[in-house]
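A.B. asks: Residue numbers (this note's numbering), protein chains in the order written: chain E, 1 to 248; chain R, 249 to 496; chain D, 497 to 796; chain U, 797 to 1057; chain F, 1058 to 1318.
If you're looking for bench data, these hints aren't it; they were derived computationally from the structure. There may be inaccurate statements among the hints.
As the list claims (entries may be wrong) - What follows is a list of derived Cβ distance ranges for each label pair: (1) U:GLY829 / F:ARG1151: 46 to 54 Å; (2) D:ARG766 / F:PRO1305: 26 to 34 Å; (3) F:PRO1305 / R:SER373: 15 to 23 Å; (4) D:ALA624 / F:ALA1153: 49 to 57 Å; (5) R:ARG359 / U:GLY855: 52 to 60 Å; (6) F:ASN1266 / U:GLY920: 13 to 21 Å; (7) U:ALA892 / R:THR423: 29 to 37 Å.
To be verified - Quick look at which bits of chain E chain F covers, simulated, 3 or more residues with Cβ under 8 Å: (8) 85 to 93; (9) 96 to 107.
Keep in mind it's a predicted model, so treat the numbers as computed, not measured. From the three backbone atoms N, C-alpha and C, an ideal C-beta is built for every residue, glycine too.
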Amino acid sequence: MLDVPKPMKTDGLAVAIEEKSFLSANGRRILAVSGLSFTAQAGAFTTLIGPSGCGKTTTLRLVLGLDTDFRGQIQRPAGASRVAAVFQEPRLLPWRDVETNVRLALPQALRRRDLRPLFETLGLSGLERHFPAELSLGLARRAALARAFAIEPSLLVLDEPFVSLDEETATRLRTLLIDVWSTRPTTALMVTHNLREAVELSDRIVFLSERPAKVRGMEDIATPRADRDAAWRARILERLDALYPGVL
Amino acid sequence: MLDVPKPMKTDGLAVAIEEKSFLSANGRRILAVSGLSFTAQAGAFTTLIGPSGCGKTTTLRLVLGLDTDFRGQIQRPAGASRVAAVFQEPRLLPWRDVETNVRLALPQALRRRDLRPLFETLGLSGLERHFPAELSLGLARRAALARAFAIEPSLLVLDEPFVSLDEETATRLRTLLIDVWSTRPTTALMVTHNLREAVELSDRIVFLSERPAKVRGMEDIATPRADRDAAWRARILERLDALYPGVL
Amino acid sequence: RVGVLKFGTVNWELDAMKRNGLDAKHGISIEVQPFAGEEATAVALQGGAVDMIVSDWLWVSRMRAEGTPYVFAPYSTSVGSIMVPKDSAIRSLGDLKGKVLGVAGGPLDKNWLLIQALARREAKIDLAEEAEIAYAAPPLLAEKARQGELDAVLIFWNYAARLEAAGFRELVSGEEAAGAAGASGPVAAIGYVFPEAWAREHSAAVEGFLAASRETKQLLATSDSEWTALAPLIKAEDETTLNVMRDRYRRGIPHRAVTEEVKDAERLYRVLRDIGGEKLVGPGLTLDSGTYWAGLKNAS
Amino acid sequence: MHPDAGTGAKGSLARLATLVLSVLVLLAVWWIGADLAHSRLVPTPAAVLAAGWADTRTGELPFHLAMTLLRVVAAFVVAMAIGAAIGIALGMNRAANRFFDPWLILFLNIPALVVIVLAYLWIGLNETAAIGAIAVNKIPNVVVTFREGARALDRPLAEMARIYRFGFVDRLRHLVLPQLQPYAAAAARSGLSLIWKIALVVELLGRSNGVGFQINLYFSLADVAAILAYTLAFVAVMLAIEILVLQPLERRATRWRGRHA
Amino acid sequence: MHPDAGTGAKGSLARLATLVLSVLVLLAVWWIGADLAHSRLVPTPAAVLAAGWADTRTGELPFHLAMTLLRVVAAFVVAMAIGAAIGIALGMNRAANRFFDPWLILFLNIPALVVIVLAYLWIGLNETAAIGAIAVNKIPNVVVTFREGARALDRPLAEMARIYRFGFVDRLRHLVLPQLQPYAAAAARSGLSLIWKIALVVELLGRSNGVGFQINLYFSLADVAAILAYTLAFVAVMLAIEILVLQPLERRATRWRGRHA
Ligand SMILES: Nc1ncnc2c1ncn2[C@@H]1O[C@H](COP(=O)(O)OP(=O)(O)OP(=O)(O)O)[C@@H](O)[C@H]1O
Ligand SMILES: Nc1ncnc2c1ncn2[C@@H]1O[C@H](COP(=O)(O)OP(=O)(O)OP(=O)(O)O)[C@@H](O)[C@H]1O
Ligand SMILES: [Mg+2]
Ligand SMILES: [Mg+2]
């Protein structure tokens, strides 16, 4: 018997997906998510970790409302008027330059804001007038991050945002992410394969099983981010590695 | 004065790029590579590491002969008749299923070979008849790897092949890569941001500078792969971190 | 092989000819190749797909002047007329001033030029300038005339006949205009056209055909029952239309000696050259002397 | 969410229902319009049906329709094959395109009339000339469409094919043609209709059969009902081709876009 | 590697050189062909030039050309605007497309003659009818092309635009239209030529001026040189539009594809 998850009460994000399956073009039905249920506190940073192909992107798409063909319920944060998403690929408009790509995402109120500091931090200065095809993949990903950060979202969804970046750049961007996330009350939901990253950023980590995705375990991290030093990180990584072997 | 690199003698790969620049659509000229020169022994595994946007992909494209508009010389391994490339994006034909995508790359002699063991190891079993749009990004990358491995190349070029994969899968695929690489004499050139990965796989690591890319340093690793255990790895990583801060 | 319009009058004649065995009687066999447009028959003749078509002498003269020797044998004197609704206030060409006049056949239509000459002489008006001219395809003009969008319409005789049956009257006919331009009688405007060389080689067949044609015309001129047999080809809506068509056809049967025809044609040619210019008649200054089929001896 | 988007029996049924509904509404609109106009020139569906039936019983309509269809099909095959080849070549080769562009514009804009007359005069009044003239009229349009498609080809995939040494046939079949599918669909659809329209003119100018020949006859008799009868007979054939050939082909060719596409 | 691919002064010069060369070769081919054929029906370039010059001096050619161009431009604007709107709507909405597909096929295949005659009969023998008839003839083709384009729109980008709440205008301008650019280019190029061809028929059937009117006149006089003179005058205008308007626009619109595209 399937353990049907019940939607939980929260003013944050409540995900309760009974079943999500795809009908592939060759006629096969693929069960991507089955009985996945978790909550994310409003204003908290939640991370999903799971094996490749287990259904993480599918889950994010359901959360974003891009796919409504599933059984279950998703309750989005109250007043999540502005949603930003960093997809697994950059998804920039190839025929518009970097700055236009970012500005187009801005709501009218922010349309004319000064984007230079943001581009500066992301290492995109001087590339504002470039087309996406003229960027390296890492630069394109950063442009996609710029777009998400610029709109000051109340719900921020990130699908492996820091791959294809060197460690130095990635560290800088993680700091920026926490800055953006903490200046305003933002509910963040991120997918990553990098447990170090998850530990550094998250309030809660949700571990997913192989496909069909369901929750394998959940860890809340209460330590303030300022106190998460190298020693603390080594400790917690060790503990998580023991609990969820194979993830590190 | 520019220090013009001289092409070196080797029957492997000798790269000596004096200058590679792009003319962007907005009329600006961008210097991507300037005075980059290194060699890769025939049959050896060479890795490039450098910051995002420094010119790594550009260099690989020059090596592959996809771009011939540069100053300098590139000598490819003698008899490198079969070249395989794993691009930074999967680059699968969206209108052909996974198996067809792989088979199309096979030379006539191999066209009918049994691909099942390969798909099995890559975790693609059962997805042979699926279209790329029905794969997760990680699965699509694995299909691209399958294509490269299947043709038994003599020159193998990999651009960040293991991102978007969970650690467990990535480890399995690295093992597979070393298998494929070692069964036949294959010259491999890989780009990665992951120093751990580089240390585990390479005979030589070439560290690149910020754009325009030039060689910042080069490390040869003589230790046989079988002896590269966790302790060894910790040691060498520490040493490299000291030499090239910011990479780890 | 004769190229004809499927619903043209020529087809009626050939049909009657074959039905009564007149072709066999004169030792010829006819293969009728129907076309949908007049241009098509011209293309067919030039492309050698048919031996004979029906066209006008001006075209023949022009082709001859430009080096393609076709010859002409009169077929019918019927030309177009200006038709106005029966109760129209337009009584003469002069009344057309400021009115909308539909013209079939384009600005270089022979008939239209002659009528312009007539108007200039009689009513002292330049129709092309002082009336509002609408050139358009004949079926469209006929329809527009019925709808009342046009005050008058200059249209080919078969359409004119249908309009007449529908309650229109003739304001001025092409024959009148030709007469005014100096013709001494009804001039055959259209006729059988064929390559001269071919005709010389097959002169017996051409003679036989023309004789058969004359005999058929005779038959159609006298026998009403023949017309009943032709009704499906004519596609007349009703009895009245069929009768008007018949009367008009009979009126158009040429009956003059070919020498007179040539003389009149030469006269008209000069008039046309004056109005239409080289554009219309081609490089020839006068009617090309060989235009009319030399072996022609008009019976009646 | 889109039950009607499925394939298989249920999908076919839904498609059929929509088709019937669509045609019925179209007929209704026409009928009401014709009744309101109340003119011999705007016949009702019934009048058109009667006219069509009259000519079907004499065998004329099927005969002329068949003749026209033969010409349309022959010219279509020729025009698509030649046009696609030239279009792809021009789209992939800048220099050739630059050079031949003025020629293309010339051929695009030569009036059908001129081509047809010249073809009849040079080749003769025969089927070859007729079909050739139709094809020559259509080829430049096919070229233009395929050229745009070839210009927009995906570069990363082309590079991949180069690295993996795709042969010419594989490249064409698996790389280029699938990308040109929408362009081919556009060229085929508007192509069939354009070819049919040119065929009408070709038949008018020099054939003794075919729908164009008939329509012109009825035009000179101002018989709109008969004209529409012939037109609709052809449209019915096109609709059948669309539903029985083009759409299934297209569904197969675009399966990869996913079922919501 | 591709010095001729550049923009700017050097690129323009190279383009001009190719253009001149292309036209010269075309003329040479024609001249030799005409000399070989040696027929009044295949005039040499000189004969055509003479015919064109004769009518230019009388002012006829410019006048009729201008009349036709006005009609072509007006009909083009109307047809592209309406056709693109309908095409995009159908391409993006499966249900509507399913329903209206038979209608589209009907309108695609109604012979030009029928539309033109009906337009003249209903609206009257005037410009509105003429331009309307041309536009109605062309609209279905534009619809078909844009519909294919809209069907092939990129889904991931559309999702991105949805998440970031692009307004209707932004969505159209920055998301949809750039993707439809090649389809628009194909529709515009073959559109202009198709419209011009229909304009010829429209003018032939019921206008008292325009190139179609003139060509018909010369056709009845079997004056091929004059027909070609009018044709080439129009082709020259189209070539000018192509080089001075379409190509620069296109170069701007496809800059992002990189200079080797
Ligand atoms: N076609 C192009 N036109 C203009 N600039 C380009 C073009 N291609 C690459 N560049 C620029 O060249 C530089 C090097 O790009 P490249 O793709 O080689 O980087 P990379 O080292 O692979 O980076 P990443 O790790 O992010 O993939 C970048 O600054 C990029 O913006
Ligand atoms: N449109 C689709 N049709 C059929 N199957 C699909 C479709 N989209 C996704 N899938 C399948 O659903 C499963 C989950 O895909 P998803 O993209 O959510 O994985 P993921 O967890 O994001 O993996 P990765 O880490 O590789 O990105 C995969 O097995 C994939 O093949
Ligand atoms: Mg994913
Ligand atoms: Mg790169």
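A.B. asks: Just pull the numbers of the violated hints for me, sorted ascending.
C.D. replies: The structure breaks hints 1, 2, 3, 6 and 7; every other hint is satisfied.
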